Amino acid sequence: MTPISVVDIDYVALAPVIIVLVAAVIGVLLEAFLPEAARRSGQLLLTGSAVALAFLTVLIVAASRPFGPIAGGSLMLDGPGLFLQGLILLTSGTAILIMADRRVDPGGDAFAGRVSTLPGGEEEREVSRRGLMQTEVWPLMLFCIGGLLLFVTSNDLLTLFIALEILSLPLYLLVGMARRRRLLSQEAALKYFLMGALASAILLFGSALAYAYAGTIEFAGIAERISERTTANTLVIAAVALILVGLLFKIGAVPFGQWVPDVYQGAPTPVTGFMAAAVKVAAVGALLRVLYVPFGGMRWEWEPVLWIVASLTMLIGSLVALAQSDIKRMLAYSSIANAGFILIGVAAADQVGLSSVLFYLLAYSVATLAAFGIVTMVRVPTGEATSLEQWAGIGRRSPLLATAFSLILLSFAGIPLTAGFIAKFGVFTAAITAGALPLVIVGIVASAIAAALYVRIIVRMYFTDPVSASAGVASPSPLTVAGVGLGVALTVILGVFPQPVLNLVEQTSIFVR
Amino acid sequence: MAASLPTAIPWTVLIVLVPLIGAVAVTFLRAPAQQRAARWTAFGASLLALLLAVILAIGFTPAGPGVQYLVSSPWLPALGVSLSFGVTGISLVMVLLTTVLAATVIAAEWRMPVPRGTTQGYLALLLSLEALVLGVFLARDLFVFYVLFEAMLLPVYFLIGRFGGSRRGFAAVKFLVYSLVGGLAMLAALIGLFVESKAAFGRPTFDMTALADMTMSTPTERLIWWGFFLAFAIKAPLVPLHTWLPDAAAESTPGTATMLIGVLDKVGVFGMLVILLPLLPNASVFYAPMVVVLALIGILYGAVLAIGQGDMKRLFAYTSVSHFGFIVLGVFVFTGIAMNGAIFYMVAHGLSTAGLFLVAGYLMSQRGSASISAYGGVSQRAPLLAGLFLVMALSTLALPGLAGFIGEFLVLLGAFQRSVVVGVIATTGIVLAAIYMLWLVQRVMVGPLQPGVDRVREVTVWQAAAVGPLVALLLLLGFFPQTVLSLVEPAAQTTLAGVPAGTAATPSLFGLTGGEQP
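Chains as they are written, first to last, in the numbering used here: chain E, 1 to 513; chain A, 514 to 1031.
Simulated from the structure, these hints should not be mistaken for lab results. Because the structure is a prediction, the values reported are computed rather than measured. Accuracy of the hints is not assured; some may be wrong.
[Said to hold, decoys possible] Far from chain A, by Cβ distances over 10 Å, these chain E residues were calculated:
| no. | residue |
| --- | --- |
| 1 | 118 |
| 2 | 304 |
| 3 | 388 |
| 4 | 506 |
[Unchecked claim] Here are the simulated distance ranges between beta carbons:
| no. | chain 1 | residue 1 | chain 2 | residue 2 | range |
| --- | --- | --- | --- | --- | --- |
| 5 | A | 568 | E | 399 | 36 to 42 Å |
| 6 | A | 534 | E | 52 | 51 to 57 Å |
| 7 | E | 403 | A | 964 | 45 to 51 Å |
| 8 | E | 25 | A | 723 | 56 to 62 Å |
| 9 | E | 28 | A | 530 | 41 to 47 Å |
[Claimed, not checked] Which chain A residues stay away from chain E? Per the calculated CB distances, all over 12 Å, these:
| no. | residue |
| --- | --- |
| 10 | 591 |
| 11 | 594 |
| 12 | 657 |
| 13 | 666 |
| 14 | 675 |
| 15 | 698 |
| 16 | 711 |
| 17 | 820 |
| 18 | 882 |
| 19 | 887 |
| 20 | 900 |
| 21 | 936 |
| 22 | 1013 |
Each residue gets a CB set at the ideal place from its N, CA and C atoms; glycine is no exception.
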């Protein structure tokens, strides 16, 4: 019997994850022990400071720790991992700002006062009359963020799967907690849970096949085993295919992203923003690591698949977005289309591709969060003004908000002087250098379609006369203003002075194998 | 014209910044009471830009190096992009035209009520459009060129969409979608050049002068050529990509239409001159027959449609399609005379079209209709207005003594040098131009007084003073074309020298592909 060796753990390098998860546990205890009146502020303080502290720790770790495996080889400390952790914490922090707003909705915040009450029932009316607000969302958020941080640094298939579950389970709950249109929200949660569970199972099955092939779950070991092979092996190809499906599901790529519009529409809008930004960043990060590190030697096998998926995702995402009449569904399809553009960079499969994806993720996630933040502010008496028709003439009543939203849409469309342009330029350049010219041509066609879509919304805001059912703009609290303002500012700054960030992503874009 | 300016002052950047600062200043004069101040600020900024352009023209040495007063500072070193602005003979002429027209538009619409929105917003958009177009003309970095090329869509989009006629939303979106498609094609070409330059020089560069020395494989060059060509052909606009122009022009205010057709569309031809020919010479020669055929179709098709129009603004738009056919023809027959003529033609066309739109704008604002059938006998009521209109119309149909003649004559002369058939077909365009212009003048200005026209009043002194300089310039350039030609001739020679088409000393019947030509 071999003795159990003690795993050497570098606690400083692990600190960001530890801080977030410990704060989540404390949050659960606060729920139990803090008096109701103090709970909300206590939770907010805890969540906010945990995320901020974790962000600082990521910076410290990046500056001081040598790159390499940590926690006994389960996690990997390297440039892309740290960049993505920082980005996840930045976007999560912004999402938390928007979530914490309780001024735009006269009933409180974006979440149901008591999730357990029956929608439309007497008990629900009682809860809303007393103005109750639930605070369980905050520990759930922290657990989810902890999972995201693990997801992008996991260095073996088992840790990858566990991280996926840690991030997914709280998310299923968060999706079902909307204050308005609760049935839609609960339906979305159930859909997301069922489909997500299936995708997790597929990922797990793929991991099992990979283990069967390689005899190890560690990424480095799998890479080594694959580099030694001389013939194509069905087992490993099946493993890659299944793992790809599981990860592409979380990214929301066509045809695995069918859940995205329903879930994005039903979820409370700040949670939608969080999913579209932070969760997508983490999923792309995990996909990058899995494709580049353990399965990098199989590039010729997975690359064609990625080409097809990326093309379909861009085209279908943009085309279907054009037909939407609901702003949240439109943004959902737009986020699908953006996932396609990201996959172009992933398919380039080299260092330039990797750095272009990292930049794209940054540009995309800050703009997306700001977009959903703005959606929370545009309201009709019964809730958010989700129908695009109600957005008519917003530009005249609220020029500042319309300008901000236009800037974000222009960034999505890839117009120069916005971050979206530099991002698209990056992935297209990487793809052409890697010989993926057809993919770039599809990308440009999809960009043209998407541009028409975004322009239509700008037209509606500025040039269409307001209709009687048109929405008003709620005056938000400084929290939302800060969150949205950060997103818009970064969109412009990254468009005009991208050089420092371009340098950063270039330096960080090497996976340690 | 050869006194050199102090190089410590970044003239080429200054000239872009002045209208931009003016635009920002105007947005701060938001209160309705400050409308007057806003107008004067905008006018002052546009005049200052014009003054700077004139100073630049005086300091420019036509026989000197190709790019002068070059100002450059790195912007995105990782991509090889630098903010560099410099002036060539061709861009100098375009800058002069732009600044003249911008100042004229602001002056001419002084008392014109803005239909929707505020005057301040309108002026700010006009000035920012001027700044961006000037930036495009002066940019010496291809990336910066592209960024400004795309950015200038936005002010136009808002100018049409917010201040236009009843179908303004449709026209604005159509304009934007066409332009964005062209822009994306150009983006693809830009990325192609980026990758090629990285391979050729070891590091990426977007410097136009450096890129001109780069050689590429034939298929690559042709692919990249298509990207740029689509963008420029949509902007120019060349048939069959012209359909956005009549809608955009018809729904715009006269001032917007002037800037759109007089200045913005010139960017398309300008791009052909400074990007397609110098950077992609072999592909340009290869595709020249196709472009020439499209240009010929444009000349005839635009003219025939112009004859059939019942709406004045649409008529002007179609005449412009015809004229842009001439200009593109002048560029792509690759003879020195025709190229000089094409550049000259752009100036003449810009001036006369501006005059047509602005004078017709006076008419329309009083009568409230753009339909030709609503007019008749205007000259009885407003002889000066009718006279101004006639001068513009005569220059448009290339009457000797006016600027339009010189441009058209030079282009045709150059075309005949290259190919008799092309020359003959193009010449028919002149006949058609006489029909659509004279018939228009006849229906609108002379004849019995139509009901409703008796309300038309004579142009005010201010209005006449605003449009008057255009008449003076048309006459001046008609009699002394050398003022402009001396500026562009060396630049046109340099451009042609890089194109392996040779010079056509003797005309041939069909000779379009330049390679084998004498």
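Q | Violated constraints from the hint list, given by number and in increasing order | A | Hints 4, 6, 9, 10, 11, 12, 13, 14, 15 and 16 are the ones this structure does not satisfy, whereas the remaining hints hold.
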